Amino acid sequence: MIASKRAVGFLACFGAAASIGYSSLTAGQAMPRQMVKARSVGSYVGDEVLVKFKSALTSQARINAVSGFGDRALHTNVGTRGLTLVKLPRGRSVEDAMNAYRAMTDVESVQPNYIYKKLLAPNDPSYAQLWGLHNTGQAVVGGDFPTSRVPAADIGAEQAWDMNGGDCGSAIVAVLDTGVNHTHADLAANMWDGSSAGFPNHGANFITGEVANDPMPADADGHGTHVAATIGAVGNNSVGTTGVCWKVQLMALRALTSSGGTTASVVAGLSFAVSHGAKVVNMSFGGAAFDPAFQSEIVNARDNGVVVVAAAGNDGTDNDDPATPQYPCDFSQDNVICVAALDQAYGLTAFSNFGAINVDVGAPGANVLSAWPGVTITDDFSTWTRSGAWSATSCGSGAPPVLVNPSNWCTVGSTYANGANDVAYRDFDLSGIAGSLNAVATFSTFHEIAAGDLYGFARRAGGGNPFSGGQTVFQVSGANALDVSENISACIGATCSLGFRLTSGGAGVDGGIAVGFFGINTTQPGSNVYQVLNGTSMATPHVSGVAAMIWAYNPNYTYADVVNSVKFGGDFIAALQGNTVSGRAVDAAGSLRFVNPPVGVTAVLSGP
Amino acid sequence: MRVLCVMGLTLLLSACASGQASRHASDRTLDPARQTVVSGEYIFSARPNVSADAIRRLYETFDVESVKSLGANRYWMRLARDPGIERVRRIAAESGQFEAVQPNHAYRTR
Numbered sequence: 001m002i003a004s005k006r007a008v009g010f011l012a013c014f015g016a017a018a019s020i021g022y023s024s025l026t027a028g029q030a031m032p033r034q035m036v037k038a039r040s041v042g043s044y045v046g047d048e049v050l051v052k053f054k055s056a057l058t059s060q061a062r063i064n065a066v067s068g069f070g071d072r073a074l075h076t077n078v079g080t081r082g083l084t085l086v087k088l089p090r091g092r093s094v095e096d097a098m099n100a101y102r103a104m105t106d107v108e109s110v111q112p113n114y115i116y117k118k119l120l121a122p123n124d125p126s127y128a129q130l131w132g133l134h135n136t137g138q139a140v141v142g143g144d145f146p147t148s149r150v151p152a153a154d155i156g157a158e159q160a161w162d163m164n165g166g167d168c169g170s171a172i173v174a175v176l177d178t179g180v181n182h183t184h185a186d187l188a189a190n191m192w193d194g195s196s197a198g199f200p201n202h203g204a205n206f207i208t209g210e211v212a213n214d215p216m217p218a219d220a221d222g223h224g225t226h227v228a229a230t231i232g233a234v235g236n237n238s239v240g241t242t243g244v245c246w247k248v249q250l251m252a253l254r255a256l257t258s259s260g261g262t263t264a265s266v267v268a269g270l271s272f273a274v275s276h277g278a279k280v281v282n283m284s285f286g287g288a289a290f291d292p293a294f295q296s297e298i299v300n301a302r303d304n305g306v307v308v309v310a311a312a313g314n315d316g317t318d319n320d321d322p323a324t325p326q327y328p329c330d331f332s333q334d335n336v337i338c339v340a341a342l343d344q345a346y347g348l349t350a351f352s353n354f355g356a357i358n359v360d361v362g363a364p365g366a367n368v369l370s371a372w373p374g375v376t377i378t379d380d381f382s383t384w385t386r387s388g389a390w391s392a393t394s395c396g397s398g399a400p401p402v403l404v405n406p407s408n409w410c411t412v413g414s415t416y417a418n419g420a421n422d423v424a425y426r427d428f429d430l431s432g433i434a435g436s437l438n439a440v441a442t443f444s445t446f447h448e449i450a451a452g453d454l455y456g457f458a459r460r461a462g463g464g465n466p467f468s469g470g471q472t473v474f475q476v477s478g479a480n481a482l483d484v485s486e487n488i489s490a491c492i493g494a495t496c497s498l499g500f501r502l503t504s505g506g507a508g509v510d511g512g513i514a515v516g517f518f519g520i521n522t523t524q525p526g527s528n529v530y531q532v533l534n535g536t537s538m539a540t541p542h543v544s545g546v547a548a549m550i551w552a553y554n555p556n557y558t559y560a561d562v563v564n565s566v567k568f569g570g571d572f573i574a575a576l577q578g579n580t581v582s583g584r585a586v587d588a589a590g591s592l593r594f595v596n597p598p599v600g601v602t603a604v605l606s607g608p
Numbered sequence: 001m002r003v004l005c006v007m008g009l010t011l012l013l014s015a016c017a018s019g020q021a022s023r024h025a026s027d028r029t030l031d032p033a034r035q036t037v038v039s040g041e042y043i044f045s046a047r048p049n050v051s052a053d054a055i056r057r058l059y060e061t062f063d064v065e066s067v068k069s070l071g072a073n074r075y076w077m078r079l080a081r082d083p084g085i086e087r088v089r090r091i092a093a094e095s096g097q098f099e100a101v102q103p104n105h106a107y108r109t110r
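As they're listed, the protein sequences go chains A and B. Per our numbering, numbering of the first sequence is gapless, rising by one per residue and ending at 608. Per our numbering, numbering of the second sequence is gapless, rising by one per residue and ending at 110.
Hints listed in this document are in silico derivations from the structure and should not be mistaken for laboratory results. Treat the hints with caution; some may be incorrect.
Here are some of the chain A residues that sit facing chain B, going by a computed Cβ distance under 7 Å [what the hints assert, rightly or not]:
| hint | residue |
| --- | --- |
| 1 | 266 |
| 2 | 311 |
| 3 | 493 |
| 4 | 494 |
| 5 | 536 |
Please read these numbers as outputs of a predicted model, since none were measured by experiment. Glycine included, C-beta positions come from ideal geometry on N, C-alpha and C.
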């Protein structure tokens, strides 16, 4: 994912590209899409048409013209354009009537009398924020990915819910990810019940050293919870958000930590999903190397009729380029659907990977609101206690706050001093998160530390200098750029100090340390917390939800039928032409209506 | 890299870091951020009836830390001393007990 907090930086690099994507869409896509949606609300009245006669024609002349075809005029002045509503006799089709009226010189236009009805919308209080399900042109609160907004650029969820009530309950969808807070208020009722198979916690954990039968995110990583709720947050329950599926069976499989996963964990997780009845497996992750063991498991999934939905990746690169492949997206098995991320105007986001061969469809992937494991405490370093050359600053206008050493770290070529023993820390009152299942300090860091010098992170119960009587969590030297996640669950419910130290000897020096985006993530029982994120990880579960919906709607479908319906039931989008296999954004209603071509049908012709 | 990062720390914490997974700074994976394999870890596709113990014996010279079944005759192994994929493959091939050996590739959330 691309966390919202990073979007500012992201934009600095790619804002121009995002704007280009929007322009190409608004030029030609918004209106046609809206028109398609109006027709798709339902069918038209089977024995009526609306005719616009030239205004010079009197009412009686219109009636006579209609009667001449054997039709009957029900009204001759409908709306400000003065349309004539025509009733057709039994046996005369709307198509025949339209052709006949079109041929008249006194007729300006003719159309079916379309049927409109109230669309099914859930009562969840944050539903109005879910532009991917129903785009009204709304601004998403907390959404910081810059995008224009085009109403109706969405997956057509309401039209689909009109057809199936959001019920995907017969489908098990495995979320192969960082785990799921299965106690979340908007997820608990939609979790897979694996108790009879020995998995009472709604899934399994494939991370070595953790509790094997509980997929709760031990590192408070919220990625999997967010993904799960986009697929299937309980709909119409007056709580938070809704998923693409209002009702579904979510199987939580923890195969990645906040550090990522490996062949071993994802293969074991996928194998579990297939052998325990999952029909769809969501994979909002990726790797850069061809992986035969993983591919073999994908084949096994296919042989068992399971659809795999995978994220295209967030590098803004071409997955078809041999230099920048993404797996599992680039596996050639036809049960894999690879998903790119679209913004609120249905432009391809600048961060999204693409590929005319390996990326199949697009889906909403920017400013996506969904469930989160617990509260997050953020910090800007402004109240930290600092000694030596530590400084809280910002490297330019609009740049995020950072904690740096040396104080002029932002100046290229600066170095820290010899003989340093500099500490920066803050006391955090964590009494407000009492009862949390776990707590994790997270931050991004870039360091260049000379050999023999040390950069450390420590915590201390009760507060004060954590390097004096506290516990050192890490001490490193060398150069690296990292997102760090350290468990501080021991601090839950109490005051705890967290801090950094730079110690240097008398020999060499180097560039020093910068720390940013410092925060504390928690996992809370019964969480009712939500978060906005960006990424192809967020686009992927929209598609998994649609795949589950198709399967629930058509229980006899094969995996190939489901894949076809997803790929070819969507809407053509300019931004996806040439960038994806289908050129389409996934559309739930279109996919439900998509009729798979019959296979194995033989026509026998006989003579007269 | 430093120059890029200074040009609006966004780069430190976005372009420089957002493409990388978060991790425990103290773990063994505190390696180049874009690493695509976990050092010292391998995945075996074994022929039928090959056990975890057989793998332990085969690689005991390299201080086997753990061997775990992944199902379907597949095993994961972690070595304390990593001889590299070529050596691991050569030993596996000479034993005749395996169909394939590969590194344990890294995956990250997107």
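Hints, one by one, checked against the model:
no.	hint	result
1	266	6 Å, holds
2	311	4 Å, holds
3	493	23 Å, violated
4	494	22 Å, violated
5	536	5 Å, holds
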